[in-house]
Amino acid sequence: MAPVTGTAHDTAATAPSGEGGAAPARRSGARDLAAAERRRERRSRRYQRRSRWYRRDVRWSPYAFVAPFFLFFAAFGLFPLLYTGWASLHRVELTAPTDMEWVGLRNFARLLEDEFFWNALKNTFTIGVISTVPQLLIALGIAHLLNYKLRGSMFFRVAALTPYATSVAAATLVFVLMFGRDYGMINWALGLAGIGPVDWQNGAWTSQIAVSTIVVWRWTGYNALIYLAAMQAVPNDLYESAALDGASRWQQFVHVTIPSLRPTILFTCVVSTIGATQLFGEPLLFNGGGGATGGADHQFQTLGLYLYEQGWVNLHLGRASAIAWTMFLILLLIGAVNWLLVRRLRKSA
Amino acid sequence: MRRTVILAVVAALGAGLLAGCAEDGEETAGGSAGDGGGGKGRTTITVGVFGAFGLKEAGLYDEYMKLNKHIEIKQTSIERNENYYPQLLTHLGTGSGLADIQAVEVNNIAEITATQADKLVDLGGTEGVSKDAFLPWKWAQATSRDGKTVGLGTDIGPQGICYRKDLFAKAGLPTDREAVGRLWAGDWDKYLAAGRQFKAKAPKGTAFVDSASGIMAAVTGSSAKRFYDENGEVVYKTNPAVKEAWDVAAAFATEGLTGRLQQFTPAWDQGYANGTFATVSCPAWMLGYIQDKSGAAGKGKWDVAPAPKPSNWGGSFLIVPKAGRNTTEAAKLAAWLTAPEQQAKLFEKRGSFPSAKAAYALPAVSGATHDYFGGAPIGEIFSRAAEGIPVTIVGPKDLVIAQNLADIGMLQVDQKGRSSEEGWKAAVKAIDNALDQ
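Note that the protein sequences, when read in sequence, are chains C and X.
If you read the first sequence in our numbering, its first letter stands for residue 1, the second for the next number, and so on.
If you read the second sequence in our numbering, its first letter stands for residue 1, the second for the next number, and so on.
Bear in mind the hints are in silico, worked out from the structure with no lab data behind them.
No experiment lies behind these values; they were computed from the predicted model shown.
Possibly wrong hints are sitting among the right ones.
Simulated coverage check for chain X against chain C, where a stretch passes if three residues somewhere in it have a Cβ under 8 angstroms from a Cβ of chain C [what the hints assert, rightly or not]:
| no. | segment |
| --- | --- |
| 1 | 146–153 |
| 2 | 266–279 |
| 3 | 307–318 |
| 4 | 327–339 |
PhoX-like, lysine-lysine: derived pairs with alpha carbons at most 25 angstroms apart [stated by the list, open to error]:
| no. | chain 1 | residue 1 | chain 2 | residue 2 |
| --- | --- | --- | --- | --- |
| 5 | X | Lys-416 | C | Lys-122 |
| 6 | X | Lys-429 | C | Lys-122 |
| 7 | X | Lys-199 | X | Lys-148 |
| 8 | C | Lys-122 | X | Lys-425 |
| 9 | X | Lys-357 | X | Lys-225 |
| 10 | X | Lys-199 | X | Lys-165 |
Ranges of calculated distance between the beta carbons of each label pair, as one might list FRET restraints [to be verified]:
| no. | chain 1 | residue 1 | chain 2 | residue 2 | range |
| --- | --- | --- | --- | --- | --- |
| 11 | C | Ala-189 | X | Ala-193 | 34 to 44 angstroms |
| 12 | X | Glu-255 | C | Ala-189 | 30 to 40 angstroms |
| 13 | X | Ser-96 | C | Phe-69 | 20 to 30 angstroms |
| 14 | C | Pro-80 | X | Asp-146 | 29 to 39 angstroms |
| 15 | C | Ala-189 | X | Glu-233 | 47 to 57 angstroms |
Even for Gly, the Cβ is constructed at its ideal location relative to N, Cα and C.
Chain X with its partners taken away, still in its complex shape (with noise of 0.2 angstroms):
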């Protein structure tokens, strides 16, 4: 008897493994057999996000299948793009695994285009897809040298400034967001005098912002060249715009104008909870974070302002490789998900800001607000913040240097009290290392 149960115990545990590798390779073979899949002579066509992409909770996904009887689309989702873009890699490397349409983000666009274009459909020539209805340099970021454009992309990353009126009004600073936006305008230094003013007055247990990395993203947001040169050499050390920034960011944290805090962090979020500082700058795609993490208690207290000058954070695109099963319907799809239409949806239900510039002017996004922040109307904020986005130069180890000028040597300036001196060559030896082959 105890055997029979033992050896069905094993018996179920065995298949339970085989049937989880089994459908585990179904999922990332794509399950996308134009026969199998969705029956009755259905196509499906896998797409594969990190994080909570927004495309299929904007309801996308059902309004094409609705349109197009024939298709079932399938979401497989990765949380962090850390964890997603090496596994993406290694499918692309192998030709297996992969959706019949992958997202990738900004930072990692450069190296997909120099060095995957070859594996990847060029989506420049399909039907329903025209250049001109995006913003040039979002088309041109994933275009490759010999002009092949491997990737469409669907939102980009304006930012504002999001401020917290009740303590600026505690501090004696202007709440209204036009006398905000002016305090600041045109230049970071007036945003770090602003800094400067709130810390006069400021509340118990506020700061002015939240993080000094979070500063020094913005700013490098704000220059077309940042850490690459046009000829795709690495030139952060010498750029005087990533000097600026840093110096920018550096003086917030000498001056304990930060919450020291570190963003995307349990200790960040229970910041916005607590409401520990008055400003963040805040890319379009940050708003609904903020209104999740500050809760109710925050409701009427948040507003958005512009920010010092026109800057971008983020955004993604969308990339068919050519291993995929069902290429041509794929490559359709794209072209639908990133058609201004589609994009002004995008924004209206999650607030991902459109990079098809054609999309600024439907009244979904021109005419949009934002009830948590107090009405503003975020559609004309982050449309003109758009339009002035310089061409920025991306490239392939973006997201390394990125990284580790914010969490190596802005930390340790931010956090641990270093000089500004030590945290840049911390960073610089840190970056070396992760550059060197």
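Just chain C, with the same shape it has in the complex (with noise of 0.2 angstroms):
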């Protein structure tokens, strides 16, 4: 910045003096204070020019920086979801996309009578529960450990957290293979133990744990590093105390960890909920070659599955878009009694 003002100064001032050899010279002094002033009006000016400037950058660069995000935000998930839900309230096929007629809220009001709908709405729920629980509980506990003062402490939370950069797609043929009817790790295993082989594909509660034990497998870690940071940053003198108090390990746990974690469980939590929701990746590669239907009674389809299987098997939009509404609502309510929670035990505690 310095050079240019520096240059926009001297010829600011040699113009005046250029004119002023043609003037009479008693007038020279007023001229001279004259040209002063407009100078430091114009210099004023300047600064007021950059100042608003400063003012501006301050003000509106933050929303440039944002505002990336919200382009593409606004692209990828506001524009497809609020066009879902207009293409939610027409009859519309994949033949012609374009096609659409009207039918107001008919695609909403049958799902209440879809018994395939309800059906993925119950397994969501119960793959939901069965996965979450655990999970949630074997990384707390994982996390604990890893609290400790361990060699190579590094080591094992990369390990942790590997599960989680295996890819879907891997992972689940790897656990497809595990819980082979005739061939698998698991159903031999069990026959060493002496009880005979479990077909885990066609079993309702069978293929239920085998969708959630990869999901459960894929995300622990994840979930375990989260509570591990949250607990690195528990204060240790509370610990100090409590053992001073007589307080033994386990107490400690219960009494000081879990207390000081709790918004992070409930944000562990909040997240999980969404995540087995929308289930989708797990259960459909689980199927092997049956594509979206997840099994042959449906017992491991998810309403991810079957939101995939209106739209893009059996070719109706409008009905896979209600679906996908549905779900977003579903989310919406979850979210809502989450916050009400959360407000009861921040005002019990």
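With the hints as a guide, bring both chains together as one complex.
If you want it as structure tokens, here you go:
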């Protein structure tokens, strides 16, 4: 900035004096004054301009910086959300996506009587519970262990995170082989213990346990690291005073660690619930060649799978959109319940 | 320093992301501008296929590029048709992202012909395309009501019965393919009877067939009317041919003659590797799959005999979307790829059986044998099957109906021990839900 102002200043100074050469001498003093005045004015105007710029900069730049996210969100989040809502009020087929026929709320109304929808909702709920609960409990335990001074703690932390970095497809394929009826490793191990071969895929509970296992395997380490980070922020003197009061390790864990972790636990609960509601890849791939049916009896067809089956196998975009919006509303409901819970907890605390 | 590194990483990631998008866009947009693409004034033609379609693998693209120096052919492939087909529909709907030539599976061709014909080039009049060269029913399947032929047939799936000689010998059944063919010639019930015979003396841990739904597909493929009638009405619920197929397949399941497997799953592959079933209805295109999955351990053990009745399972078409950049050149290429000579080459290299009946007389087809299957004269076996296949009526939702019958209904009977009636009811309920818009 400095050199530019310098030049501007020079030209501003020379211009009047060049003019002054031709003018009568006695008025030169007044003219000098006027010129100085003008100069000051210009400078202050420049300052004003600059400070206006500065103010604008401070005021608007943050928006510019966050704009890319919101532009992307508008294009890939908000627009699809709204368009899906619009499509859910129509009869639309993938064979002619622009050919929309208004049907009002019919797509939603029929979901109420759609036994496949209720089945999917029920499966999503049960798989969600049997995957999220053990997952968070195990994560808490692992985090507690990792929080001790360990040799090679970095190694264990990275190891805890590796399942998370594995692709769903690769992990699920391995689990399909492990849960195989005829040549699966798990049935082999059960066989050693004298338990007959289990047809994991075809049983309602067995298939849901198998799908949940994949979810637990993939996400436990991730949650453990989140808990670990929170645990390391717990002040050490709390433990020291607890120890002085004669609290055992277990009592310390229950009465110091858990209460300090409360907001983190709530956070992981919310994130896991959202993940469980949208569960898709694991049950899809667990079905091997069966596609989106979720097993012969739809026994592990989740809402995500049913949505996919309606939209991309049966080609009914309108019906699929209605399922998508229902899922969204369910998530909003879960969010509201969670918010109420948090408020209650805070008040009680 | 640290900030610079972070900035550099962010920039690199951003650039990568953008490049990824750009590359993808160009790929799906065909990358087929006459002036761009190949450079040196060459025209790029893109071909979109699913799975290992075979055209490229059989060297047909290379041959065409050698014959036509100004053409460059690029192929994009999506592994599974269930992912490929919805994407193709989306691209046809928006008129962008299409390859110059697209493959279509036979279960989808009726829907494409009925709903997308106005977006496709009529290939019937393309130079070098002769209606008489094709099997009449294959030609008819891709011809719309107003007489536009929007797809040219590539292969069909005439079926035989692939069987394991070693298991047949142990169970006291004949192993010679003529004698095996005579066991069940002309009637699927005789095939069921052979299964009972096998079960009586079956080697431990083996079953007569892989799955019940494989049989259902084979039997439905041997009748002209399956899920739709001539007027385009869904009739599978009342069609006696479907009922027969269902009953035969369900009998296999309830009598314990199947390996209780689901086709095209890892468990099915393991069944091949471990030799746990003695027979499987095999369209011509499945021979390569069986060879892959049975591997060296199965060498010299497999053979192939004619099926009880001529039957078709699978096959494909090539279509040329009007929204492509080089529809004229693309139509020429599609015509060449589906000409009898090229179909014969595809059969020789990949086992995809020609839909051009003019190819059957060519020595590459008529004299073809398969080493892995005991030197079986597959050209002769499958040609005879192909000529006996009835003119099947195809309908827009064939795939959905077939899939739910197999993966819901028959799977319940085969793997969950449900009764035939329960399985049928479950399948009908799922199909009703799927067909209702």
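Consistency of the hints with the structure:
1. Note: the segment 146–153 of chain X has 0 residues with beta-carbon separation from chain C under 8 angstroms; the three-residue rule is not met and the coverage is violated.
2. Here's how the segment 266–279 of chain X fares: 7 of its residues keep a CB closer than 8 angstroms to some CB of chain C, so the rule of at least three is met and the hint holds.
3. Judged by the Cβ-Cβ criterion of 8 angstroms, the segment 307–318 of chain X is not covered by chain C as claimed, because only 0 of its residues qualify and three are needed.
4. Figure legend: the segment 327–339 of chain X, annotated as covered by chain C; annotation inconsistent (0 residues with Cβ-Cβ distances under 8 angstroms, at least 3 required).
5. Pair hint X/Lys-416 plus C/Lys-122 holds up; C-alpha atoms about 21 angstroms apart against a cutoff of 25 angstroms.
6. With a CA separation close to 19 angstroms, the supplied pair X/Lys-429 and C/Lys-122 stays within the 25 angstroms bound.
7. Simply put, X/Lys-199 and X/Lys-148 have alpha-carbon atoms about 51 angstroms apart, too far for the 25 angstroms limit, and the pair is violated.
8. As the CA atoms of C/Lys-122 and X/Lys-425 are separated by approximately 22 angstroms, the hinted pair is consistent with the 25 angstroms bound.
9. Between X/Lys-357 and X/Lys-225 the CA atoms are separated by roughly 22 angstroms; this keeps the pair inside 25 angstroms, and the hint holds.
10. Annotation: proposed proximity of X/Lys-199 to X/Lys-165 holds, straight-line Cα distance about 15 angstroms (limit 25 angstroms).
11. Distance hint check for C/Ala-189 and X/Ala-193: the Cβ-Cβ separation is about 40 angstroms, which falls inside the suggested range of 34 to 44 angstroms.
12. A C-beta distance of roughly 32 angstroms is found between X/Glu-255 and C/Ala-189, which places it inside the suggested range of 30 to 40 angstroms.
13. Roughly 27 angstroms separates the CB atoms of X/Ser-96 and C/Phe-69, a value that falls within the hinted 20 to 30 angstroms.
14. The hinted range of 29 to 39 angstroms is satisfied by C/Pro-80 and X/Asp-146, whose Cβ atoms lie roughly 37 angstroms apart.
15. Under the hint 47 to 57 angstroms, the C-beta atoms of C/Ala-189 and X/Glu-233, about 53 angstroms apart, fit the expected range.
Of the hints listed earlier, those the structure fails to meet are numbers 1, 3, 4, 7, in rising order.
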